[in-house]
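Chain residues, written in single-letter form:
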Amino acid sequence: MEMGGSSESPSGQKKGKAKTPNKLKESVLKQKSPAEFFAENKNIAGFDNPGKCLYTTMRELVENSLDSAESISELPVVEVTIEEIGKSKFNSMIGLVDRERVDEELYDDYETAKAREKRLAKEARDQEIQAKNSALGKKIKEPSAAKTIKGRGGASFYRVTCKDNGRGMPHDDIPNMFGRVLSGTKYGLKQTRGKFGLGAKMALIWSKMSTGLPIEISSAMNGQSYLSFCRLDIDIHRNIPHVHLHEKRDNKDHWHGAEIQVVIEGNWTTYRSKILHYMRQMAVITPYAQFLFKFVSESSDKDVTIRFARRTDIMPPVPIETKYHPSAVDLLLIKRLIGETSKQNLSQFLQHEFVNIGKSYAERLIGEMGAEFSPKMHVKSLSAPQIVRIHQLFRQAKFDDPSGDCLSPAGEYNLRLGIIKELHPDMVATYSGSAQVFEGHPVIVEAGVSVGGKDVKQGLNIFRFANRIPLLFEQGADVVTRTAQKRINWGSYKINQTQDKIGVFVSIVSTKIPFKGTGKEYIGDDISEIASAVKSAIQQCCVQLKSKIVKRIQAREQQERKRNLSKYIPDASNAFYEVLREMALLHASKKKRYEDADAEILSKVSTRLLTKEVLSEELAKHVEKVDYQMALEYATQTGVGEEPKEDIYVQSLNPKSNFIDLRSPLFLFRFFQ
Amino acid sequence: MADKRKRRRVEHHDSDSDADTAHLTPKPLPFQKRLKSDSGILTSLKQFADSIRDPPASSSTTKKKPLTLADVSPSLSATCREVTDLSLSSVQSTIETLFLFLTKSILSGNGFSFTVPSRSSSNHIYIPELDRIVLKDKSSLRPFSSVSSVRKATITARILSLIHQLCIKSIHVTKRDLFYTDVKLFQDQTQSDAVLDDVSCLLGCTRSSLNVVASEKGIVVGRVIFSDNGDMIDCTKMGVGGKAIPPNIDRVGDLQSDALFILLVEKDAAFMRLAEDRFYNRFPCIIITAKGQPDVATRLFLRKLKSELKLPVLALVDSDPYGLKILSVYGCGSKNMSYDSANLTTPDIKWLGIRPSDLDKYKIPEQCRLPMSEQDIKTGKDLLEEDFVKKNHGWVQELELMVKTKQKAEIQALSSFGFQYLSEVYLPLKLQQQDWL
Chain A
1 MEMGGSSESP
11 SGQKKGKAKT
21 PNKLKESVLK
31 QKSPAEFFAE
41 NKNIAGFDNP
51 GKCLYTTMRE
61 LVENSLDSAE
71 SISELPVVEV
81 TIEEIGKSKF
91 NSMIGLVDRE
101 RVDEELYDDY
111 ETAKAREKRL
121 AKEARDQEIQ
131 AKNSALGKKI
141 KEPSAAKTIK
151 GRGGASFYRV
161 TCKDNGRGMP
171 HDDIPNMFGR
181 VLSGTKYGLK
191 QTRGKFGLGA
201 KMALIWSKMS
211 TGLPIEISSA
221 MNGQSYLSFC
231 RLDIDIHRNI
241 PHVHLHEKRD
251 NKDHWHGAEI
261 QVVIEGNWTT
271 YRSKILHYMR
281 QMAVITPYAQ
291 FLFKFVSESS
301 DKDVTIRFAR
311 RTDIMPPVPI
321 ETKYHPSAVD
331 LLLIKRLIGE
341 TSKQNLSQFL
351 QHEFVNIGKS
361 YAERLIGEMG
371 AEFSPKMHVK
381 SLSAPQIVRI
391 HQLFRQAKFD
401 DPSGDCLSPA
411 GEYNLRLGII
421 KELHPDMVAT
431 YSGSAQVFEG
441 HPVIVEAGVS
451 VGGKDVKQGL
461 NIFRFANRIP
471 LLFEQGADVV
481 TRTAQKRINW
491 GSYKINQTQD
501 KIGVFVSIVS
511 TKIPFKGTGK
521 EYIGDDISEI
531 ASAVKSAIQQ
541 CCVQLKSKIV
551 KRIQAREQQE
561 RKRNLSKYIP
571 DASNAFYEVL
581 REMALLHASK
591 KKRYEDADAE
601 ILSKVSTRLL
611 TKEVLSEELA
621 KHVEKVDYQM
631 ALEYATQTGV
641 GEEPKEDIYV
651 QSLNPKSNFI
661 DLRSPLFLFR
671 FFQ
Chain B
1 MADKRKRRRV
11 EHHDSDSDAD
21 TAHLTPKPLP
31 FQKRLKSDSG
41 ILTSLKQFAD
51 SIRDPPASSS
61 TTKKKPLTLA
71 DVSPSLSATC
81 REVTDLSLSS
91 VQSTIETLFL
101 FLTKSILSGN
111 GFSFTVPSRS
121 SSNHIYIPEL
131 DRIVLKDKSS
141 LRPFSSVSSV
151 RKATITARIL
161 SLIHQLCIKS
171 IHVTKRDLFY
181 TDVKLFQDQT
191 QSDAVLDDVS
201 CLLGCTRSSL
211 NVVASEKGIV
221 VGRVIFSDNG
231 DMIDCTKMGV
241 GGKAIPPNID
251 RVGDLQSDAL
261 FILLVEKDAA
271 FMRLAEDRFY
281 NRFPCIIITA
291 KGQPDVATRL
301 FLRKLKSELK
311 LPVLALVDSD
321 PYGLKILSVY
331 GCGSKNMSYD
341 SANLTTPDIK
351 WLGIRPSDLD
361 KYKIPEQCRL
371 PMSEQDIKTG
381 KDLLEEDFVK
391 KNHGWVQELE
401 LMVKTKQKAE
411 IQALSSFGFQ
421 YLSEVYLPLK
431 LQQQDWL
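Protein chains in written order, with full-length UniProt numbering: chain A, 1 to 673; chain B, 1 to 437.
If you're looking for bench data, these hints aren't it; they were derived computationally from the structure.
Some hints here could point you the wrong way.
In silico BS3-like cross-links for lysine-lysine, where the CA-CA straight-line distance does not exceed 30 Å [to be verified]:
id : chain 1 : residue 1 : chain 2 : residue 2
1  : B       : Lys-304   : A       : Lys-612
2  : B       : Lys-291   : B       : Lys-217
3  : A       : Lys-591   : B       : Lys-169
4  : A       : Lys-398   : A       : Lys-454
5  : B       : Lys-378   : A       : Lys-494
6  : B       : Lys-184   : A       : Lys-621
7  : A       : Lys-548   : B       : Lys-152
8  : A       : Lys-590   : B       : Lys-104
9  : A       : Lys-604   : B       : Lys-104
Far from chain B, some chain A residues (derived; all Cβ distances over 12 Å) [said to hold, decoys possible]:
id : residue
10 : Val-77
11 : Ser-297
12 : Lys-421
13 : Glu-439
14 : Pro-570
15 : Ala-597
Note that beta-carbon positions come from the ideal geometry of N, C-alpha and C, so glycine has one too.
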């Protein structure tokens, strides 16, 4: 809806730009389909360059898979394969699909006419120069030609396959679900990973732009005897699916879920680490899912296979679709709700379509609206000015804050397990804040802080999640990064910001995440409600960690006490010996007299019976004794084996048993029937 | 460099006004008209100085010889600790006795441990009768066998052995020298300096008795002649820079002076101004600065001047809480060195300026006043709680005014009327009015 509206203005701009080359076309009014708009502005959806396209494609498919599995409360199993396709293999693939060639040429013109013109002009110029040079007898002119060839041949292609065990799709809906931009099942007001119905379609548009190959979908729903197979691409100009093959096949294994396969241009080398980071962070925030990530290249030495095992079988509850909060709606939205509502009169409409408006409150509101409003008036008969009046009142009136019940945060339990599973930290603390409100949308901030671990670099390692998706780009400007770096005094929690391996995990869930910029990449630092919630959540984690760290420091002191004390023995015995030696000299030269025991000591020094070494030895013995006493005391105070061993998770063999879950943010009762 | 430039600017300004207003009388500085002739001021100052030197008969009957800690200790709730000047040989034998005792302890397998008087802020007390801070007798154990104190214990042993060497060789070194004898152990000069103070507490002697001195910081200029290690120094012939106050006060002697008062200046810049204008020739005085917080040598020197010459001491400090704090360190000692406050403090210092009430009295322009920061105001309020402030009613009033107006000003604020306003008008007027607290 929103996207459809905004598509008009960029296309207008586009027209303005295209004005110069051909004046005849100027006055022709053009219509842009949403698909065309997104094909032209694919960076909005995170398709900036081939490398990022590969990343975003993979990511969108994985997120759809998770949403799909969670929607039927099935523990997700997601298999992602990225297969590198060499040039020759790619060519043969296009060769096979003969019918596509025509279309692709059309597409090629559309996209790269300018580039080709430029290239041809440049090649012609190069040839000219080369001819000149050869005429002059110069030889070195190879590199530039080689470069152009390399640039065009350097495009590499990948087949991205994502298979899940989710809901699957109804056979007849498949073409529209993939071949129509801005159509989707996730448009309601609820916490979802995807939002605009763009992801899979953008992947398809990109595949069409870069390879021209169609997308292949296999899907089966639970209990369905057949398996839907569909091969389709998109008619970008009309924003409708173009189906190549759509048939029902045998579903022998009673599999349900979806498998999507798309061939796109990409760049594995530059985005390898981002993709792997994404998978790892996804594994942190969804420890109840099982991921298998495979990269298959032509040369097998570059192959990557990573398995992210399931760590728990408790899933966060499915987010509930909620109604709008009166302070979060705009004029258009009110009009739409009026158009869609099944209620007849105004009072019922207010109570039914919005949260936090009860019967009496609705009547008070209507009374406040003015004389021409009445509770029983027909809601569809409201005039435009009347709707504006409702909107104004919504803005000014006081409503209770929306509750966070409709949200589905990862939960401290899952966040903690995810961190432990993927990072193996020395210690970890988690905290889940209460629901906050930002512009009428409930927001829950959860945080985890870990210290130590494997594959963690020194200093701050920030992991950001929004609606349980990892955010990897634009880290510097993000509210979490800023807060962790600038507003947390790590030193006061005995954490060294530069030396320790600190993992900061912040997961923000909301019915509307206030992303900054066009891509869903980061949350700005300017929203004070969110900034303070993030800060306090991280601080709460740090407070928990502090006591653990203090204990650990004490334990370390125990271990290092002997070494720390022994370190000073030479200096101390040296100081004593120097004074004693001087005194012995004075004593021997009879400048000064000392009595009995003192004289005895000094004579021992003179006869080298008492030396620096003797003093050192005595001090060492003393240190030994003290250390033993202290260690004994410490052990009796704290007890032995206080560190808990890591508990093991054993996957249940029979996952189909029936049970009822009773949830709390921190734990869960499961009753087996 | 900066001073030269400053002087040139002053001269330039003078010649300018000469050219423009040759036919007019030069514009007087504010309040200049109120000044009487110098001779008049001098007479009144002389009377004041005399009254300090030879107290009138009525007060002399009440005034005995200065009180010592021993005199007041019976009336105190807690016993207090004070150090005395010890001769080199007695310092040496104290160290030797201590080391022999500790050696026996080591040889019997018990390690060693120092009992060091605590110099923490909770272990101080202000004694109104003495008008200075003294150290209470709380002390802490510094055993070698504890992780938290092993380092300090080792450093203490090392410093003691170094002092022992100094005693045998009978030479003086600076704190910096001491630090450089074992940089690896001391790590940081603040650590060796702190332990040095601990050691003088521990041995019960003044820091000067340890033969360790700080590098020179304070300077003096004016109508005083003294001998430094045998050389006669005439402080009227010291130029603008002044004579560095010698670190070894025991080498200073033969004080002679015809000054009427001692002027204590907080800052180098104001000192420079007064020295260049030869303020001490117009009003016979001795000018001293320690460039901020005073070091031991300056405090000892001031005390010596005051006790031998019996002159009034007037202080010129910034109108901010830190100015008053510096004043208090001269007057009743710092907490860090409270064990030796008997030798370091100079009683009865008068607060001449710049006082908060002067800001309005002398119409110092708004742009020269600074707003006090949160920290400043807090320091000011804390000072109001201090006993040494409370005992002087005038000071309390001034400080309350400062905290109320939330304004502070440096001595340099007076330069807004001309660079020489300080020496030409402000100080003479203050002296004429005997405006000190």
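Results of checking the hints against the structure:
1. Lys-304/B to Lys-612/A: Violated, because 45 Å separates the two Cα atoms, which is more than 30 Å.
2. Lys-291/B to Lys-217/B: 7 Å, holds
3. Lys-591/A to Lys-169/B: Holds, because 14 Å separates the two Cα atoms, which is no more than 30 Å.
4. Lys-398/A to Lys-454/A: 50 Å, violated
5. Lys-378/B to Lys-494/A: Holds, at roughly 29 Å.
6. Lys-184/B to Lys-621/A: Distance of about 25 Å is within 30 Å: holds.
7. Lys-548/A to Lys-152/B: 28 Å, holds
8. Lys-590/A to Lys-104/B: 22 Å, holds
9. Lys-604/A to Lys-104/B: 12 Å, holds
10. Val-77: 53 Å, holds
11. Ser-297: 55 Å, holds
12. Lys-421: About 37 Å separates Lys-421/A from the closest Cβ of chain B, which puts it past 12 Å; holds.
13. Glu-439: 35 Å, holds
14. Pro-570: 9 Å, violated
15. Ala-597: 7 Å, violated
Hints 1, 4, 14 and 15, counting from the list given before, are not met by this structure.
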